[in-house]
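Asks: When you get a sec, could you build the whole thing from the sequences and use the hints?
What follows is the residue order along each chain.
2 protein chains.
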Amino acid sequence: MLGFVPGNLNLYKMAFRHRSVAIMLKNGAKSSNERLEFLGDAVLGAVIAELLFKIYPYRDEGFLTEMRSKIVSRVHLNQLAKKLGLDQLIEFDPRIVNYPTKQGSLLGDAFEALIGAIYMDKGYNFTKSVILHQIIQPHVDIHTLELTETNFKSKLIEWCQRHGKEVLFELMANEEGESAKLFTINVMVDGENLGQGRDYNKKNAEKMAAEKACQTLDI
Amino acid sequence: MLGFVPGNLNLYKMAFRHRSVAIMLKNGAKSSNERLEFLGDAVLGAVIAELLFKIYPYRDEGFLTEMRSKIVSRVHLNQLAKKLGLDQLIEFDPRIVNYPTKQGSLLGDAFEALIGAIYMDKGYNFTKSVILHQIIQPHVDIHTLELTETNFKSKLIEWCQRHGKEVLFELMANEEGESAKLFTINVMVDGENLGQGRDYNKKNAEKMAAEKACQTLDI
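Residue numbers (the working numbering), protein chains in the order written: chain P, 1 to 219; chain B, 1 to 219.
Derived from the structure by calculation, the hints contain no laboratory data.
The model shown is predicted, which means the values in this text are computed figures rather than measured ones.
Incorrect hints may appear among the rest.
Just so you know, same-sequence chains aren't split out, so a pair can sit in one copy or run between any two.
[Unchecked claim] Subject to a maximum C-alpha distance of 16 Å in a straight line, what follows is the list of computed EDC-like cross-link-like pairs (lysine to aspartate or glutamate):
#1 Lys181 with Asp87
#2 Lys30 with Asp60
#3 Lys202 with Glu170
#4 Lys165 with Glu192
#5 Lys203 with Asp87
#6 Lys54 with Asp121
#7 Lys181 with Glu211
#8 Lys83 with Glu192
#9 Lys181 with Glu192
#10 Lys128 with Asp87
#11 Lys30 with Glu192
#12 Lys30 with Asp121
#13 Lys212 with Glu50
#14 Lys155 with Asp87
#15 Lys122 with Glu50
#16 Lys181 with Asp199
#17 Lys30 with Glu61
#18 Lys212 with Glu91
Replies: Here it is in structure tokens:
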């Protein structure tokens, strides 16, 4: 699938084992793909950080952080996992996880676990090469992603309209900072606070709050 | 300082250049250590993830995540940077950054930028070896850190008492999930919402909210 022969097969089996079918180890610990996901998430983050650092030599760290968030967002990783065909390989208990309606991050999680497995099996440089040449290059158009402004505020407002929910951005506080006001904004959906943003720019604080709400609502 | 001879010196100079003394590039972009900090943060995260993955083969990803947060917390990285003597090397404008009273994350940021510089100069495996053998091994006692329960709730409450501020944990919502209630807790300091936590366990939701408030307040 990714153009190489795996070494330790057990690692790859573990990468596709959802926690709903975790194996109980002798010492009582449970074995699923969650530990590999933790590792893979970190390795993917480092590889993408370097890629962006090199592609965009004159952009600041705010831009780099935003671009990386777009690439490693759960929604994007779920799509990537599907393109790679990981959905055919994941083991899960359908009585617990009602795929695909409740799949949530099943696919993206397995994708990250797979990166963790490759890292444990083959090391950093090999994993980096697989990520860049077998995954990013054929499947991700970075420059299109750059132009796709993820407007979380409109996304949230549209979702709320579609689901008949009321959404409000509440200014909680504006403190006098050293040279500017610091705004704290809460986003309330049907009266429930789903996210908070703080920034010296009020629009940015709203954007951050909306982004968190979108994450919470998984939209 | 870290037992090796640097290759590209410019990278290391950049790692110690705080944004208050950023250099203006020809194309109008500013050059300081912030981009290297972005990269170093990611590389450090991956190295520490692997270290913990190996040291604790039977602990779940929640534990691994918490341990990593302790190691790479701004407070801990500031301390590490000081131990390594980075405070002697950082360039900053004292009219803008009133060191040490307003130093904030100056040291920890430079520490991460240094990791980014080593990575760009020498690659992943070399950087990993420096982190593990020159930094973690001599300066960080992981097992002591494991036992140090970071109790953000008490930390926050103590800080508020010391500063004469009122702190409240407000239950914003408890939704019926599939099999349990999901609690949303806001932590209010003098009426201002400084953090939110959501968890199926109410205590955990409070803990998460308190942790965010501690981050916001930089305590």
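Asks: Since the copies are identical, ignore which copy is meant and state whether Lys212 and Glu50 lie within 16 Å (CA to CA) inside a copy, between copies, both or neither.
Replies: neither (25 Å within a copy, 28 Å between copies)
Asks: Is it within, between, both, or neither for Lys165 and Glu192, if the alpha carbons may be no more than 16 Å apart?
Replies: Answer is within: at 11 Å inside a copy they meet the 16 Å cutoff, but 25 Å across does not.
Asks: Please sort Lys212 with Glu91 into within, between, both or neither, judging by C-alpha distance up to 16 Å.
Replies: neither (30 Å within a copy, 35 Å between copies)
Asks: Using 16 Å as the alpha carbon limit, work out where Lys30 and Asp60 are close: within a copy, between copies, both or neither.
Replies: For Lys30 and Asp60, the Cα distance is within 16 Å only across copies (8 Å; inside one copy 42 Å).
Asks: From the Cα coordinates, with 16 Å as the cut-off, is the pair Lys54 and Asp121 best called within, between, both, or neither?
Replies: between (26 Å within a copy, 13 Å between copies)
Asks: Classify it for me, Lys181 with Glu192: is the Cα-Cα distance of at most 16 Å met within a copy, between copies, both or neither?
Replies: between (26 Å within a copy, 15 Å between copies)
Asks: Up to 16 Å between alpha-carbons, please classify Lys181 paired with Asp87: within, between, both or neither.
Replies: Neither. Shortest intra-copy (48 Å) and inter-copy (30 Å) distances fail the 16 Å Cα cut-off.
Asks: Using 16 Å as the alpha-carbon threshold, which applies to Lys30 and Asp121: within, between, both, or neither?
Replies: neither (21 Å within a copy, 40 Å between copies)
Asks: Which holds for Lys155 with Asp87 at a C-alpha limit of 16 Å: within a copy, between copies, both or neither?
Replies: So Lys155 and Asp87 fail the 16 Å test inside a copy (27 Å) and across (44 Å) alike.
Asks: Could you figure out if Lys30 and Glu61 sit no more than 16 Å apart (CA to CA) within one copy, between two copies, both or neither?
Replies: between (38 Å within a copy, 11 Å between copies)
Asks: When Cα atoms must be at most 16 Å apart, do Lys203 and Asp87 count as within-copy, between-copy, both, or neither?
Replies: Classified as neither: same-chain Cα gap 39 Å, cross-chain 36 Å, threshold 16 Å.
Asks: Regarding Lys181 and Glu211, is the shortest C-alpha distance of 16 Å or less found within a copy, between copies, in both, or in neither?
Replies: Classified as neither: same-chain Cα gap 21 Å, cross-chain 24 Å, threshold 16 Å.
Checked against the numbered hints given earlier, this structure breaks hints 1, 5, 7, 8, 10, 11, 12, 13, 14, 18; the rest are met.
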